[in-house]
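4 protein chains.
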Amino acid sequence: MRSYCRRLDLILDTAEGSVVRDVTGREYLDFVAGAGSLNYGHNDPDMRAALIAHLERRGISHSLDMFSSAKRAFLTAFESLVLLPRGMDHRVQFTGPTGANAVEAALKLARKVTGRTNVIAFTNGFHGVSQGALAATGNRHHRGGPEIPLYGVTRMPYDGYLGDGIDTAELLDRMLHDPSSGLDAPAAILLETVQGEGGLNVASPAWVRRIAELASTSGALLVVDDIQAGCGRTGTFFSFEPFGIVPDLVVLSKSISGYGLPMALLLIRPEYDVWLPGEHNGTFRGNVHAFVTARVALEKFWSTRDFAADVARRSNLLARRLAEAAALVPGATVKGRGMMCGIDVGSGAYAAAVVRRCFADGLMLETAGSYDQVVKVLPPLTTPHKLLDDGLDILLAATGAVASARETRSSSGLVTA
Amino acid sequence: MRSYCRRLDLILDTAEGSVVRDVTGREYLDFVAGAGSLNYGHNDPDMRAALIAHLERRGISHSLDMFSSAKRAFLTAFESLVLLPRGMDHRVQFTGPTGANAVEAALKLARKVTGRTNVIAFTNGFHGVSQGALAATGNRHHRGGPEIPLYGVTRMPYDGYLGDGIDTAELLDRMLHDPSSGLDAPAAILLETVQGEGGLNVASPAWVRRIAELASTSGALLVVDDIQAGCGRTGTFFSFEPFGIVPDLVVLSKSISGYGLPMALLLIRPEYDVWLPGEHNGTFRGNVHAFVTARVALEKFWSTRDFAADVARRSNLLARRLAEAAALVPGATVKGRGMMCGIDVGSGAYAAAVVRRCFADGLMLETAGSYDQVVKVLPPLTTPHKLLDDGLDILLAATGAVASARETRSSSGLVTA
Amino acid sequence: MRSYCRRLDLILDTAEGSVVRDVTGREYLDFVAGAGSLNYGHNDPDMRAALIAHLERRGISHSLDMFSSAKRAFLTAFESLVLLPRGMDHRVQFTGPTGANAVEAALKLARKVTGRTNVIAFTNGFHGVSQGALAATGNRHHRGGPEIPLYGVTRMPYDGYLGDGIDTAELLDRMLHDPSSGLDAPAAILLETVQGEGGLNVASPAWVRRIAELASTSGALLVVDDIQAGCGRTGTFFSFEPFGIVPDLVVLSKSISGYGLPMALLLIRPEYDVWLPGEHNGTFRGNVHAFVTARVALEKFWSTRDFAADVARRSNLLARRLAEAAALVPGATVKGRGMMCGIDVGSGAYAAAVVRRCFADGLMLETAGSYDQVVKVLPPLTTPHKLLDDGLDILLAATGAVASARETRSSSGLVTA
Amino acid sequence: MRSYCRRLDLILDTAEGSVVRDVTGREYLDFVAGAGSLNYGHNDPDMRAALIAHLERRGISHSLDMFSSAKRAFLTAFESLVLLPRGMDHRVQFTGPTGANAVEAALKLARKVTGRTNVIAFTNGFHGVSQGALAATGNRHHRGGPEIPLYGVTRMPYDGYLGDGIDTAELLDRMLHDPSSGLDAPAAILLETVQGEGGLNVASPAWVRRIAELASTSGALLVVDDIQAGCGRTGTFFSFEPFGIVPDLVVLSKSISGYGLPMALLLIRPEYDVWLPGEHNGTFRGNVHAFVTARVALEKFWSTRDFAADVARRSNLLARRLAEAAALVPGATVKGRGMMCGIDVGSGAYAAAVVRRCFADGLMLETAGSYDQVVKVLPPLTTPHKLLDDGLDILLAATGAVASARETRSSSGLVTA
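Residue numbers (the working numbering), protein chains in the order written: chain A, 1 to 417; chain B, 1001 to 1417; chain C, 2001 to 2417; chain D, 3001 to 3417.
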C-alpha cells in the first residue's frame, strides 16, 4: 500500500466506532474503514457481544462447507432483509473469504454457464490480484511483468473515459455486434458501479443500464462487483439498486461480515447455478465467526430504512464539504457517490501531501486512482455527524495548507512535488 | 464436497476438542478436523480466552496491511518458536487468508524472481481452485471444462506414480536437461510432501531431495505447499523437516491460526523477496483475530518438544490400527504419514460405504484420492488417546461390516457398488 | 470462401493478363486477382520466360535457407529498386511463404525485441489464420470456437470505427498512458493502412501518423501488414509511402513473387534484427521459383515511375465509375484506395447478388467486410484501360439490375434478401 | 540453421538428381535433400517437362481455393494411387503450403471436433515454428523466450525416452485414465513415427499402436505428422503403413510436390471434416505449379511397387554402411528408419566436425538431435547406388579422420570439442 498512514512505526492496537488507537495511545479518526470493510465501524458492540457469546458457548468455528446454526441464521437474515425486499431470488454461494476468491468464482461460473472464455472488464477496474481476478484488474502495478500472462479479458473504456461527449458503451455495442471486430463473444461483463481503487469513478445510471442490456442481448452474464460499493456504501445495500437493474451475479465481500472478518459471497440467479457439488471448493468458505457478526449487522442496520436515511444525510454533508475542500485546489474535482467519495487533486504527490498532513492531524485517509491522485474519503457509514465534521475540518485545513505551500513554492520557483 | 457427512440435514452447532455437536445435541467424533484446519481441535480454551480478551478490550479486528500489536506478537512468536529453531531466515508474507491465495502469491513471486512462466506441479497435486492455483491442481473435477484454459504449469508424475521400480524424478531430470524435451525452463517446482486431497500419497525423502536438487540446478524455486501437511500434521511443524531440505518458498494455511480462522502466509527466502510495496495486495491479508489465536497456538504447542512427541505416539497408534482395518479389506493399503493417513479401499463406492457407516456410528471422516477411494483419517493432533481409540474402533467395525456385506453380496452375485 | 465465383462446377484452366479461362473455354475477366496476389496479371510473359529458362538450365528449385543465385539476384533488385530509393535500410527475412507465416515472424520478433507479450491490433483487421496470426485477426468466422483461445492481442477501434467525429487513436493514446487502464505495454502495433478483408476501410494519413507516434512513444514496434495493400496496389510500392512514416517491421506477401507463387518476407529495421541463427526456421522459406519471377517483376515494373503513373490513372477511372455504380444503390458508398476498392452496398445478400450477376456476365469479383457487404474490386494493376472499362460496365449493369429487381420486389412486398 | 554447409560463401546455382552445383561450378552430393523435400531428387526431368508445358500453355498459376484442372488431376492421382490402395477414405484439405500451416490446421480441427483444447505432443518432437505449431515443438531454441507463452500442449516422453526397460506409453495411459492426474482430456495426440529434427528417434510399432489405441479410447484424434517421414522416406508412402494403424488426421508437406515447391495437405477422416466453408483459409492453399509436379511424382513413383523396392534396397545399403561408420566412433549408434537415418556421434561438436569434413570432400549433410549430435543422412530416395556408395565413402572417411584426430588430441590432452 502506498499512502503515508502505512508507516512502519504505526502499530495499531484498539479501535471503536470510527476511532483507532495505536500502542502509544494516540487516537486517529479512521476514514479508511478497512478500504470499505468497516462500514459499520470498529468493534460494533452488538456484533462483539454476539461473537463473544458464540465463543463462550463453544459455537463451532470452522465446519468446511457443512451447515451450521450460524450459517443458517445468516442465510435467513440475508434472504429476509436483503434479497426478498429487493425482489431478488439469487442463490448464495460462499466462496473463499476474499473478494478475489468470489470474483474468481463468478468468472468461472459465467464461463461454465456460457461455454465462452472472454470477459469484458473496464479501464481502471479493480477486482483482486489472484490470477483469474487480476486478469480483470486494470492496474499495471498489480498486473505485473510479462512473465505472468493474463488473458481471457477484453478491456473496454469505462463511463466517461473519453470525456463527456462520448458514450463509451457505443464502442462495446459496436464491437459486440460486428462479427469482424475481433471481440470474442463474452461470458460476462464485469463492472463496478463506482470504481473504488480506480479513482472513485462513477458510472451513470444510463450507462450502466445500457451495459446491462448489452450483456443481455449478447448472451453474457452481468456481474456486478459490489465488494467495495456494496453493503450500503453508496446509500443503498447494493450500489445498483437505484438503476433498476438486477445483475445475474453479484460479488460481495469487505463489509458483509460487518466486523472486518474475512467473508465473501456470490449471488447467483437460480438459473445460472450450474455448479456441480464441490466443484469450486476451498477450506475457508464458511467463516462461522463472520456469519455470526454478519447476521447481527443485517438485523441491526437493514431491518428498517433508518440507516439508509442516515447514510444519505451523511453523504450530503460529505459532498458539501468536499466541494469546499476541492475549491481550494486549482482544477480539483469531487468524485464518487454516497459515502464513497474523494477529491481528485491532480497528482499523486499532491494527494500524498494532503494525506500526510491529515495523518499528522489525526485523520487516516488513503489515495486512489491511476496516479494515486485522488484523496479517498471512506468513513464508516456509522460515523457520528460530529466526528464526520471533525474529520472534514482536518481535511479542509490540510488541503488549504498544502495548497498554500504549493502556491508559495510555485511562486518562488521551487515546486518539486 | 462429496462424502456422506456433508448431508444437508446435519446442522452443526457447537464443538470442543475432537467432538462436534449438531443442533439436536447429537455428538460426533471429528476425524476430518476442517480438512486439516483444526490440528489443535475445536475451541481450544486458551485461544478462546485470548480471543475473548481481545474482543473485550476492543482490540482492532481489521487493519488492512498496517501493523497491529496482534500481528507483531504473532510474528515474534513465529520467528522465535518456528523459524529460528529450524535455522530458517525466511520472510513472512501475509497473503489473502486462504491457501489458494498463498499459492497464487508463491507462483507469482517465483515467476517474478526467475522471469519464467512455467511451473512444475505433480500428478494428484491439490493447490486450490482460483485460476492460478487451479492450473497446478490435478483434479479434473475442479479443473473444469475447456472454457477455462489453465496454463503455465507442466505436470510431472509424483513419487511412486509409475509403480515401485521407477524413479519418476528421472523423467523430470531428463526433460529439464534435454534442450529439445519441450519442457520450458521452470520458475518453480511446487509440491506437497504428502498429497492430502490426492489420496495421502507420500513422497520418499530421497525423491524429495532429488526434486529439491533439480530445482536448484535448473534455477527454479522450490515451493513446498504445506497447507495441509504443515503445522505438525506429519509430526514436525513443517512436513519437510525430516528430509534435510529448506524450500525457497513455503505455503502455510489451514491450521496456522490454530482456531479454524482464515489465515495464510508465505515464507520467502530473503533473497527472493522482490515484491514492490503493495504489489500483491488484498483486503484480508491481516486477519487480526487469527493472529491472536495463532500466537497462542505456537506458544502452547511449539514451545517445547512435548507436543511433537505426543503426535508421534498418536501416529504410531493410528498406523497400527489402520493396518488392522486394512487387513479386513482385500487389497487395501494404509496410506499417509504421521496423523495424515488413511486406508485405500480400492473404490470410491467402498470408501463411501465405510464413511457412511462411521457417520451413523458417530464418527466423521472424509474420502480422498482420484476416485475418492481413500478413507481419510485426520483427527485433531490433540485428540486424547481414548477418543482416538474410540474413533478407530468405529472405523474398524465399519470397515469389517462393509467388507462382510460386500462379501455376502459378492457370493450371491449382487455387488453393485 | 463465400462468394458465388467459388462454385464447384467452375474448373479454371489457363489464364493470361486479366483474363482466365475454364476447362470449357469460357473466359472471365478476373477482378479478384488472387486476392491481391496477381497485381501484374496472370502469366506475365517476361516472368514466365525467366522461369522456363530457370527450369531448362536446371536451376535449383529448393535450397532451404542456403544462398542461391536466384535469391541473390532478387535481393539485389529489391535493395536497389525498392529499399534504397525509399531511404529504407531494412533487412529482409524470408519467412515461410505465406502472409500468416510472416505475420507470425513479425509478432515473435517484436515480442523478442521488447520482452513484452501484448500486441495491439485493430477491429476488422485480417492477418491470417495460424494461431499467432489469428489472434490478431478480427473476423469471428475465422477466430472460431472457444476451444482455441487466442491471446496476446488487444483490440482497438480502427480509424473511423466510431464514426466521423471521433478520433479512435485517442482511446489508444489514453489507455497507453494510463497506468490503470488495463492495457499491458505492447510489443507491437500491427495495422493495415487499408483493411482488405475487413471491408476496404481506409485509414487517414493523420491517424496512421498518430499511431506510428504512439508506437514510438510507448516502446512498441510499428508493424505494417502490407500483404494485400503493398506491391503497388494502392499506387505506391508500399501503401504507407504517402504518409511519411517508416514502419519498424513490414510484412509483404501475395504479389511479391509477381506470378502468384507462394512467397513472403519480413522487412526489419537493422537494430531489431535480433534473431539467433535458425531461430525462426522452416522448410519453404526460400521459394527459388518465386525469387526468379519476383526479380523480373521488380525490374519490369519498378525501375521507372511509369507503372505507378499507370496505376494512378487506372485508380482514377475506378473511383469515378465505382461512384456511378454506388449512385445506383440507396445508401451505398465507395470504399478503398488506389486499385484496392469497392462498393459497400449495405448487406451481404445484396453484394452476393451483384457478384453473382457479374459472374454470369463474365466478371469475377469477391466480397469483403464484416457482413460481406462490400463488392470488392481488385483488378490486376496491369489491366488495360479497355478491359477495366469492360469490367466496370458489367459491374454497373449488374448493380443497376439488382437495384431494380430489389426495388420491384420491395414495392411488391417481396424482399427477402 | 546450424551446420557447416550453410556457409555464407556457398551460392547454389543448378541441381540435378542428387547433385547440386554452386555458382563456381563446384559439385556436391546432396544428402540433405531439402530436409526431406526432395525425395525424388532435384529437377526430375518428367516433372520439369510437365511444369514447362503448364507454363507454356498459360496454365493458371494461382486460383485461391477455386478448382483448377491441375488440382483436379492431382486429386485424381492422389486418390487412386495413394488413398484407395491403402484403404483410406480421408478427405484432402489444402492448407497453406508449409508443414506448419498444415499442423496448425490439424490442431485447430481436432480442437473443433472434440471441443477440447489440450494436445499431447512428445519430447523431441518438431512440428514447425508458427505459434500453434511451435507449442507442439520441443526444441527450446525454437520455443524461444518467456515473452511468447505457448500453451495448449502437454508433453509426454517419446518411445525410448527413459531407456529400454520403460514403456513411456504407460505414463500417458495412467495419466489419461486418472481423473486427478492433471492431464486435461486431449483433443489430439500428435506424433512423428520417426522424429527427424529430434534426432532420428524411431518409435516401435507396438508403442505407436498403443498410442493409437489411447487416442481412440480417450476420445482424442490421432494426428500423424508425416511431413518428413512421409512420401516414401521410410520405405512406404506413409511412415505408419507397416504398423497397421490409420490415423484420424495425417499431415503431409515437404516432398508431396515432388519438386521442392511449397505444398502441404491435411488428410481428414470424413467424419471429422467439420470445417465450415472458408473457415481455415489462406492465399496460397492451392499452389498450382506444385499440383502439376505432384501429380507427375505420384504417377511416376507410386504406380507400381518398384520404387518402394528400390528404396528398401538403398535403405539396406545405408544401414550397413552407417553401421561401419558408427563402429569408428566410440559409443556411436546408428539411428533412424528407411532412408531417414544417421549416426549419433555423441556431441554436437563431433557431428559438426564430421559434417565439415564431408562438405570439404563434396558431400552435404545436416545434423539433428537435442544437441545436434546426430549426423543426418537423408539422400534423395532416387539416388543411384553408385552415388549413394560414393557419399557413404566420403562419410566413412570423414568419420574415421575425425575419430583419429580426436584420439590423437585426446592422448595428447588437447581435446577441445
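No lab work stands behind these hints, which were simulated from the structure alone. Be a bit skeptical, because a hint or two may be false.
Restricting the straight-line Cα-Cα distance to at most 25 angstroms, the calculated cross-link-like pairs of lysine-lysine (PhoX-like) are [what the hints assert, rightly or not]:
{"id": "1", "chain 1": "A", "residue 1": "K386", "chain 2": "A", "residue 2": "K300"}
{"id": "2", "chain 1": "D", "residue 1": "K3112", "chain 2": "A", "residue 2": "K112"}
{"id": "3", "chain 1": "D", "residue 1": "K3300", "chain 2": "D", "residue 2": "K3386"}
{"id": "4", "chain 1": "C", "residue 1": "K2300", "chain 2": "C", "residue 2": "K2386"}
{"id": "5", "chain 1": "C", "residue 1": "K2300", "chain 2": "B", "residue 2": "K1112"}
Per the computed footprint, the stretches of chain B lying under chain D, defined by three or more beta-carbons under 8 angstroms from a beta-carbon of chain D, are [unchecked claim]:
{"id": "6", "region": "1155-1168"}
{"id": "7", "region": "1178-1190"}
{"id": "8", "region": "1364-1376"}
So the derived label-pair ranges between C-beta atoms look like this [unchecked claim]:
{"id": "9", "chain 1": "B", "residue 1": "R1320", "chain 2": "D", "residue 2": "P3330", "range": "30 to 40 angstroms"}
{"id": "10", "chain 1": "B", "residue 1": "R1174", "chain 2": "C", "residue 2": "P2242", "range": "50 to 60 angstroms"}
{"id": "11", "chain 1": "D", "residue 1": "R3409", "chain 2": "C", "residue 2": "T2217", "range": "49 to 59 angstroms"}
C-beta atoms are modelled at their ideal positions from N, C-alpha and C, and glycine is treated no differently.
Hints, verified against the model:
1. This hinted pair checks out: K386(A) and K300(A) have alpha carbons roughly 22 angstroms apart, not beyond 25 angstroms.
2. As the CA atoms of K3112(D) and K112(A) are separated by approximately 18 angstroms, the hinted pair is consistent with the 25 angstroms bound.
3. Simply put, K3300(D) and K3386(D) have alpha-carbon atoms about 22 angstroms apart, close enough for the 25 angstroms limit, and the pair holds.
4. The hinted pair formed by K2300(C) and K2386(C) meets the criterion: a straight-line CA distance of about 22 angstroms does not exceed 25 angstroms.
5. Our distance criterion of 25 angstroms between C-alpha atoms is broken by K2300(C) and K1112(B), whose separation comes to about 55 angstroms.
6. A stretch counts as covered by a chain when three or more of its residues have a beta carbon under 8 angstroms from one of that chain; for the region 1155-1168 of chain B and chain D the count is 5, and the coverage holds.
7. Evaluation of the coverage hint for the region 1178-1190 of chain B: fulfilled, as 8 residues show C-beta separations to chain D shorter than 8 angstroms, against a requirement of three.
8. Three residues within the 8 angstroms Cβ limit are the bar, and the region 1364-1376 of chain B against chain D gives 3, so the coverage statement holds.
9. Taking 30 to 40 angstroms as the suggested C-beta distance range, the pair R1320(B) and P3330(D) does not conform, at roughly 56 angstroms.
10. The hint said 50 to 60 angstroms for the Cβ distance between R1174(B) and P2242(C), and at roughly 57 angstroms that hint holds.
11. R3409(D) and T2217(C) have their C-beta atoms about 56 angstroms apart, which keeps the hinted 49 to 59 angstroms range intact.
Hint violations for this structure: numbers 5, 9, all remaining hints satisfied.
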